[in-house]
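*Asks:* Here the protein sequences line up with chains A and B, keeping their order.
Numbering-wise (the numbering used here), the first sequence opens with residue 1 and increments by one.
Numbering-wise (the numbering used here), the second sequence opens with residue 1 and increments by one.
Please note that the accuracy of each hint is not assured.
[As the list claims (entries may be wrong)] Which residues of chain B face chain A? A partial, calculated answer using Cβ under 8 Å: (1) Lys10; (2) Tyr17; (3) Ser21; (4) Tyr120; (5) Ile121; (6) Leu122; (7) Leu158; (8) Leu169.
It should be emphasised that the hints constitute simulated quantities derived from the structure, not laboratory data.
Beta carbons are placed, not taken as given, at the ideal position from N, Cα and C, and that holds for glycine.
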Amino acid sequence: MNNKFKKLINTAQEIQLSQEKKDSIRMRVESFMEMTPLRVSAPTSLRDRHYISKFSVLNFSKAVSFALIVLVAGGSTISYASEDSLPGDTFYTVKVNFTEPIQESLAFSQEAKLEVKTKQIEKRLTEAQTLLEKNDTTPEKHAQVEALVEKQAGEIAKSIDKLQEKGDVEAILNTTSKLQPVLKAHREALEEVSKPKAENQTDLAVAIVLTEEQEESTKNSAPATEVKSVTQTAEEIAIETDKVQKSENKSTAADNLLKTVERTIEQVQQKETQALDQVDQLEKEGLNINQVTTKKVEEASKEINDAKETIKKETDQMEVPTNESKDIDTLIDTSITTFDQNLKSDLRLLTITEAEILLEESKKLFEQGFYKLSLEKAQQALQITEGIVINQRIETLRESIRDIENQTKQEIAPEPEIEEIKTEAQIKAQEQASQAIQALEEQLSFNQ
Amino acid sequence: MSEMDIEKLKEQYLKHYDEHSDALYRFFAFQTSNNAVASDLLQDTFMKTWEYIAAGKEIQNLRAFLYRVARNTLTDYRRKKKSHSLDAITDTGVDFADDTDILEERSIQSDVEYVFEKMYILDDHHKELITLRYVEEMSIKEIAEIFQERPNTISVKLHRATEKLKNHLESIKQNQDE
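Just chain A, same shape as in the assembly (with noise of 0.2 Å):
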């Protein structure tokens, strides 16, 4: 038996990465490594109890991929230069169509994807903010930004549809309360930009309208002082004009990307509810086995209790005789039956605590969703404890028979003066055999 678990454990221990394996997730790992900025509260070293350090000699194959190791690494600065660049930047570009890409590339499932998407299109919205807040927009920077934000929104669409294919809900779930309060924080934050700000305008309108009047008296008559005040008052009047003209760019930039957000704000919500629909058949489906399975935990911890509750009683009722007990006899008698009857209430603690474990697994299961595994182990639990109920029960029953037993005995005891007599013939007779026995040998050592 302990041959087979052996050998077993010696293929298992046999099994090993391929080399190459092994270095290209290397590869991808330091990569990513290099796309994941520390914070600057990183520790400086990292601990491990159980590391031997060990010096591998580079084979071919790690040389290779240690050059390119080098290629990625070396590529990575100017990915890491590009991380806060805006729309308008040399480095925008970078970041916008290498970087973010292999960061996507490097998710696995579409879970993570869709996070670093959820990430993406966060960064496309704070860009935006920053752009309006420098006041720094032109038309061109706002439609690139309002490009990219509306691709990713498509691509996150996607990805949900694809999750849901999959019928994968939790993850959709999951992606969908991440990215909702992001959107709805920069839909207020937009609103407020994208608000005219009417008195300024008035003001300016105003300005402009006093200026225009102004002009045209001076037409009619212009002494030097006045047309001076005029040209300043032109030039003051260009400078806000300027201005009005670039706030209405930046409402006007606003005003898009708020439609924008609007409409991704309406599709991720479009797909939670859909999402939601499906939860509750899953739901409606689960909860059978739901309810089953809170009925048998609930048993089995009912049953444990009880169980112990007993035991405890048993234990508390044996302490008493051997205090009362006089004899020597009846008190070793006592005393080896607590003996046993401590053995097995400790046999029976055990075995409960054994479905208590078992309840244990039981109820995280539940918790982490395996219905039927929960289900399964809750009933081992009851088994468990059903079996010492029974053992019980029979215990108690086999108790009954004994004290009948006792009692019927007593009632036919013999009576204690034929005993007396009996042992009287008793002594006798072995006298007498042992007088016949030394005759005997007496006459044995005469014959030699």
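Let chain A serve as the given structure and place chain B on it in line with the hints.
*Replies:* Showing chain B alone in chain A's frame:
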């Protein structure tokens, strides 16, 4: 943190990769019985752990932490896959998309299948325990740290798993084993 410190940290982390990647790969291979999935999960584990380190969170025992991340990754994977019966696994087959040595790959796969076939009677939890205790030869204490449970609980479960596996192995006919 200086540039030098960052480089040192990265170097250390990659050393840990060299040290533990085989064991973690084995761990995933036995739980999933699929080379491609095992490699993917391995990569994911090391990336997630690095993200954690990069966020500036402290890790007391990296090996135990790696296994904890590995178990979470595995749980996520299982939840997504839901049914992981033997049929489903043979249906999925092996992904040879990589340009690795196919022959070598195949022999590894058959070993994994051999082990998996023998261990399939165990539930996921027990399989993980047996792998860590006997294949990776970890101490009960360390396993308890990974599972975040009491050592006594681990002992009881491990005992049950070993008994079950041994009985199962015993019940397999001799000629089937050879």
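*Asks:* Now, for every hint given, state plainly whether the structure supports it.
*Replies:* Hints, one by one, checked against the model:
1. Lys10: 6 Å, holds
2. Tyr17: 6 Å, holds
3. Ser21: With a closest approach of 6 Å, the B:Ser21 hint holds.
4. Tyr120: 12 Å, violated
5. Ile121: 12 Å, violated
6. Leu122: Since the shortest Cβ distance to chain A is 12 Å, the answer is violated.
7. Leu158: 12 Å, violated
8. Leu169: Hint holds; B:Leu169 Cβ to chain A Cβ min 4 Å, cut 8 Å.
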